[in-house]
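**Student:** One letter stands for each residue in the lines below.
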Amino acid sequence: MKTRPPTTTSSIAMSSKLLTATAVLLIPALALAGEMKAPEKIYRSLDVRAVAGQEKALIKLEKRTAAYWRVTFDNPPFNIFGPETIPQMEKVVSQIEKDPDLRVIVFDSAVPGFFLTHYNFTPPLAESTGLPSGPTGLHPLPDMLVRISKAPVVSIALIRGRATGVGSELALASDMRFASRQKAILSQWEVGAGLVPGGGPMARLPRLMGRGRALEVLLGSDDINGDLAEEYGYVNRSFDDDKLDPFVDGLATRISGFDRQAIADTKRLVDFASLPSDPEIAAGWDAFITSIQRPVAQKNIGRLIDMGLQKDPDVEARLGHYTQSLADK
Amino acid sequence: MKTRPPTTTSSIAMSSKLLTATAVLLIPALALAGEMKAPEKIYRSLDVRAVAGQEKALIKLEKRTAAYWRVTFDNPPFNIFGPETIPQMEKVVSQIEKDPDLRVIVFDSAVPGFFLTHYNFTPPLAESTGLPSGPTGLHPLPDMLVRISKAPVVSIALIRGRATGVGSELALASDMRFASRQKAILSQWEVGAGLVPGGGPMARLPRLMGRGRALEVLLGSDDINGDLAEEYGYVNRSFDDDKLDPFVDGLATRISGFDRQAIADTKRLVDFASLPSDPEIAAGWDAFITSIQRPVAQKNIGRLIDMGLQKDPDVEARLGHYTQSLADK
Amino acid sequence: MKTRPPTTTSSIAMSSKLLTATAVLLIPALALAGEMKAPEKIYRSLDVRAVAGQEKALIKLEKRTAAYWRVTFDNPPFNIFGPETIPQMEKVVSQIEKDPDLRVIVFDSAVPGFFLTHYNFTPPLAESTGLPSGPTGLHPLPDMLVRISKAPVVSIALIRGRATGVGSELALASDMRFASRQKAILSQWEVGAGLVPGGGPMARLPRLMGRGRALEVLLGSDDINGDLAEEYGYVNRSFDDDKLDPFVDGLATRISGFDRQAIADTKRLVDFASLPSDPEIAAGWDAFITSIQRPVAQKNIGRLIDMGLQKDPDVEARLGHYTQSLADK
Numbered sequence: 064m065k066t067r068p069p070t071t072t073s074s075i076a077m078s079s080k081l082l083t084a085t086a087v088l089l090i091p092a093l094a095l096a097g098e099m100k101a102p103e104k105i106y107r108s109l110d111v112r113a114v115a116g117q118e119k120a121l122i123k124l125e126k127r128t129a130a131y132w133r134v135t136f137d138n139p140p141f142n143i144f145g146p147e148t149i150p151q152m153e154k155v156v157s158q159i160e161k162d163p164d165l166r167v168i169v170f171d172s173a174v175p176g177f178f179l180t181h182y183n184f185t186p187p188l189a190e191s192t193g194l195p196s197g198p199t200g201l202h203p204l205p206d207m208l209v210r211i212s213k214a215p216v217v218s219i220a221l222i223r224g225r226a227t228g229v230g231s232e233l234a235l236a237s238d239m240r241f242a243s244r245q246k247a248i249l250s251q252w253e254v255g256a257g258l259v260p261g262g263g264p265m266a267r268l269p270r271l272m273g274r275g276r277a278l279e280v281l282l283g284s285d286d287i288n289g290d291l292a293e294e295y296g297y298v299n300r301s302f303d304d305d306k307l308d309p310f311v312d313g314l315a316t317r318i319s320g321f322d323r324q325a326i327a328d329t330k331r332l333v334d335f336a337s338l339p340s341d342p343e344i345a346a347g348w349d350a351f352i353t354s355i356q357r358p359v360a361q362k363n364i365g366r367l368i369d370m371g372l373q374k375d376p377d378v379e380a381r382l383g384h385y386t387q388s389l390a391d392k
Numbered sequence: 064m065k066t067r068p069p070t071t072t073s074s075i076a077m078s079s080k081l082l083t084a085t086a087v088l089l090i091p092a093l094a095l096a097g098e099m100k101a102p103e104k105i106y107r108s109l110d111v112r113a114v115a116g117q118e119k120a121l122i123k124l125e126k127r128t129a130a131y132w133r134v135t136f137d138n139p140p141f142n143i144f145g146p147e148t149i150p151q152m153e154k155v156v157s158q159i160e161k162d163p164d165l166r167v168i169v170f171d172s173a174v175p176g177f178f179l180t181h182y183n184f185t186p187p188l189a190e191s192t193g194l195p196s197g198p199t200g201l202h203p204l205p206d207m208l209v210r211i212s213k214a215p216v217v218s219i220a221l222i223r224g225r226a227t228g229v230g231s232e233l234a235l236a237s238d239m240r241f242a243s244r245q246k247a248i249l250s251q252w253e254v255g256a257g258l259v260p261g262g263g264p265m266a267r268l269p270r271l272m273g274r275g276r277a278l279e280v281l282l283g284s285d286d287i288n289g290d291l292a293e294e295y296g297y298v299n300r301s302f303d304d305d306k307l308d309p310f311v312d313g314l315a316t317r318i319s320g321f322d323r324q325a326i327a328d329t330k331r332l333v334d335f336a337s338l339p340s341d342p343e344i345a346a347g348w349d350a351f352i353t354s355i356q357r358p359v360a361q362k363n364i365g366r367l368i369d370m371g372l373q374k375d376p377d378v379e380a381r382l383g384h385y386t387q388s389l390a391d392k
Numbered sequence: 064m065k066t067r068p069p070t071t072t073s074s075i076a077m078s079s080k081l082l083t084a085t086a087v088l089l090i091p092a093l094a095l096a097g098e099m100k101a102p103e104k105i106y107r108s109l110d111v112r113a114v115a116g117q118e119k120a121l122i123k124l125e126k127r128t129a130a131y132w133r134v135t136f137d138n139p140p141f142n143i144f145g146p147e148t149i150p151q152m153e154k155v156v157s158q159i160e161k162d163p164d165l166r167v168i169v170f171d172s173a174v175p176g177f178f179l180t181h182y183n184f185t186p187p188l189a190e191s192t193g194l195p196s197g198p199t200g201l202h203p204l205p206d207m208l209v210r211i212s213k214a215p216v217v218s219i220a221l222i223r224g225r226a227t228g229v230g231s232e233l234a235l236a237s238d239m240r241f242a243s244r245q246k247a248i249l250s251q252w253e254v255g256a257g258l259v260p261g262g263g264p265m266a267r268l269p270r271l272m273g274r275g276r277a278l279e280v281l282l283g284s285d286d287i288n289g290d291l292a293e294e295y296g297y298v299n300r301s302f303d304d305d306k307l308d309p310f311v312d313g314l315a316t317r318i319s320g321f322d323r324q325a326i327a328d329t330k331r332l333v334d335f336a337s338l339p340s341d342p343e344i345a346a347g348w349d350a351f352i353t354s355i356q357r358p359v360a361q362k363n364i365g366r367l368i369d370m371g372l373q374k375d376p377d378v379e380a381r382l383g384h385y386t387q388s389l390a391d392k
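Residue numbers (our numbering), protein chains in the order written: chain E, 64 to 392; chain G, 64 to 392; chain P, 64 to 392.
Derived from the structure by calculation, the hints contain no laboratory data. Nothing here was measured: the structure is a model prediction, and the numbers come from that model. Check before you lean on any hint, since a few could be wrong.
Just so you know, same-sequence chains aren't split out, so a pair can sit in one copy or run between any two.
As the list claims (entries may be wrong) - With a straight-line cut-off of 30 Å between C-alpha atoms, the simulated BS3-like cross-links for lysine-lysine are:
(1) 306 to 246
(2) 126 to 306
(3) 123 to 213
Taking the hints into account, I'd like the entire structure generated from these sequences.
**Tutor:** And the structure:
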């Protein structure tokens, strides 16, 4: 597992003392270059943020059998994903890649209402941009998503609650997705806030559901319920909420009994036919990093935080509604 | 805006005097090369054709806001699209490309029963082949379709009535398509008449709905209603007729409030993942132009015109039925 | 038509005398190289196998009209496809490619409960690997599938009963697929037995239904009914059983009246947009041949044969259930 570089760690410590209520995420160029030494970075402390980060287990790994693991996101109240989650996730992905007995992993959530949601906007951007690249050479977030897709084992996203931003992107990087018809919400909300999504949905959604529906998801930036997600192929299938867990567990159990080599060889050929290239994923990440530094995105995120983003359950639960209100002024 | 070359314009004047009832669209090689000087070209005058072409507004542009425009096809009674429509459409596309405030355009129709239908078969072919290439180097019809797909703004086709041939192709070149469940008919009817479709559906349909359903649409050449269009992903979604306009207007209004740069950057990456190349589109256009000169296509179009194509509302409304009757003898 | 090489034929005669109950398909390296001279190859005789192979018509060709043919699989009781079927199928494919009047072929079955099912596991592997390559340079099975996809005529699979393994792969190689809602079962069962599918589904399924659903079909390896096959786009559409034949016959009749050149030119451009390359198909075949020689696959197939594979209708009809029982021990 890669550890957070010391300069970044110390900048967190500094920045956490620099809470202000008025300036949010205004990141000077030096900070972006990872060379910031002085406390120019401004950071808003939120109840939901565990500054200690690496000490708290935000992701839990349960080995149901040697061949079948559960990876559970547990960062209440919203399952926000940020630079503090990345080292833990990297550890999980490395185990997934290396374990010789594993066949199938299921990603799920322990947080009611949220599968996994958007990126954490409260740490300074340099905490994200300053992280060392992963084995693919990509930033560690897209790096992990790419590695999950290419792993020689099967990954299944069990989606109950909101899968927005990183949550949607992790689901899309997984091999299969199953959703609760009543309780799942999927979305790529970023364009609604003036951002470009960073974790690959421009590459993955059109290959999954065709250009037209992908553009609706991305440029409409609205909440997609379980029925529509199934109709569009955003998920493999949606199930009535009480049927979802038995189905996914049954499928995972079934696959866990199959031959590891046959799984890996079959998946590798599907990968050839269906996965975007790493440079295409990198282009999406770069567009996200560029977009987040634009004044309009800074202003929109600031206004969303003022409305209650990362704090008010209603804002997190109805993100598609609140992004529209940005335009309504 | 590109103007129609003088030689072509004069050949229209000549050809319109040469109406015959028996020979239709028998185009000598010289005409195709754009060098025809004598009235060898044979042309059937139809009530529906506005020979004046450029003087009559066949397409209307309404700027609902600076960011949200409506482009309305208004060429009654059938919304046929031909060489006379091209310069007007080119003007609209150029505005779409250049306007700095635009975010979203909706294509719709003012003609009951027809969104936009097939290419106009009454002008001499040289009127089409003689048009100067567009900025992409393609013939102006595929040129405009390609430019709509790549424009930095969002295009939405609101389909009520028949979208056949060019109408289907414009819808497919648009970023999203929504249809009236009761009143939309989509089709690529060309193979049924011995033609190859020219506006890109061989490239776009398989990427949208998979090879099997695309081949059914193209080689079955039959009428597709709103329900099947939705099931196949020919459109994003179909709505009950009274729900279609509010939905599209709501989505367009929503997107019109988003940041122009975020829209453009996100769309550009979706384009990379989903758009066919220009040479692939050019190959389709060339196949269309080749096909229309074959005796079987000439005979079929002549017979369809005898049945009432471009004149009889029943032929235009039930084109899938009438193409089959060509084979039935 | 290519004939079976003599050395392979004689090894069949030898091996059929060597039936044992304990060792199945344990193929020494020499046998795989096609050089086996001694009776090391072990082979289990089954009631369902016509050793005479080429003398019995396993595939029937009916020319309903010059333009519309039916190709009917008739190898009761399960419509198993093996090296004995390949020369007959090659003869059919060659006719399809060469006939100047043909427009459309429909593949169907004369065997109740089975459209076409998995590869025949009872002949020695060398009977398959020893077959000369087809015109594409691929092994004759993937060669024929590739040629069907690229033929200048339309192919339609009418699926009633089980389409598993080769049956699913032939359906996927066809231009369109229509299924009985009540009586069709599609599956790629191979991974469930420790095999990699060999006839191209890793290349074709993701392009048809997207990566997520394709991986579910391939790695879940379970039976897919008519409803789910339609929802996933595994087939174009499913019909109530009594509506299937009239629909397919109507569509085939319709297309058979269209111009052959327009069909071919349109299909060729769809091919460009949607077909995998031959090397991608070859990689899948090679992965299958490699997988079948692994001890785990040999053991699984042996156990399935002990359970009743290729003999017991219940095993053939509920293959997804029996592969799971391999893991359950």
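**Student:** Are the hints correct? Go through all of them and say.
**Tutor:** Now the hints, each set against the structure:
Taking the shortest alpha-carbon separations for residue 306 and residue 246, both the intra-copy value of 12 Å and the inter-copy value of 25 Å come in at or below 30 Å. Proximity of residue 126 and residue 306 under a CA criterion of 30 Å is satisfied intra-copy only: 22 Å inside one chain copy versus 49 Å between copies. With identical chains, the CA atoms of residue 123 and residue 213 are at most 30 Å apart within one copy only, with a shortest distance of 22 Å there and 43 Å across copies.
Of the numbered hints stated above, none is contradicted by the structure.
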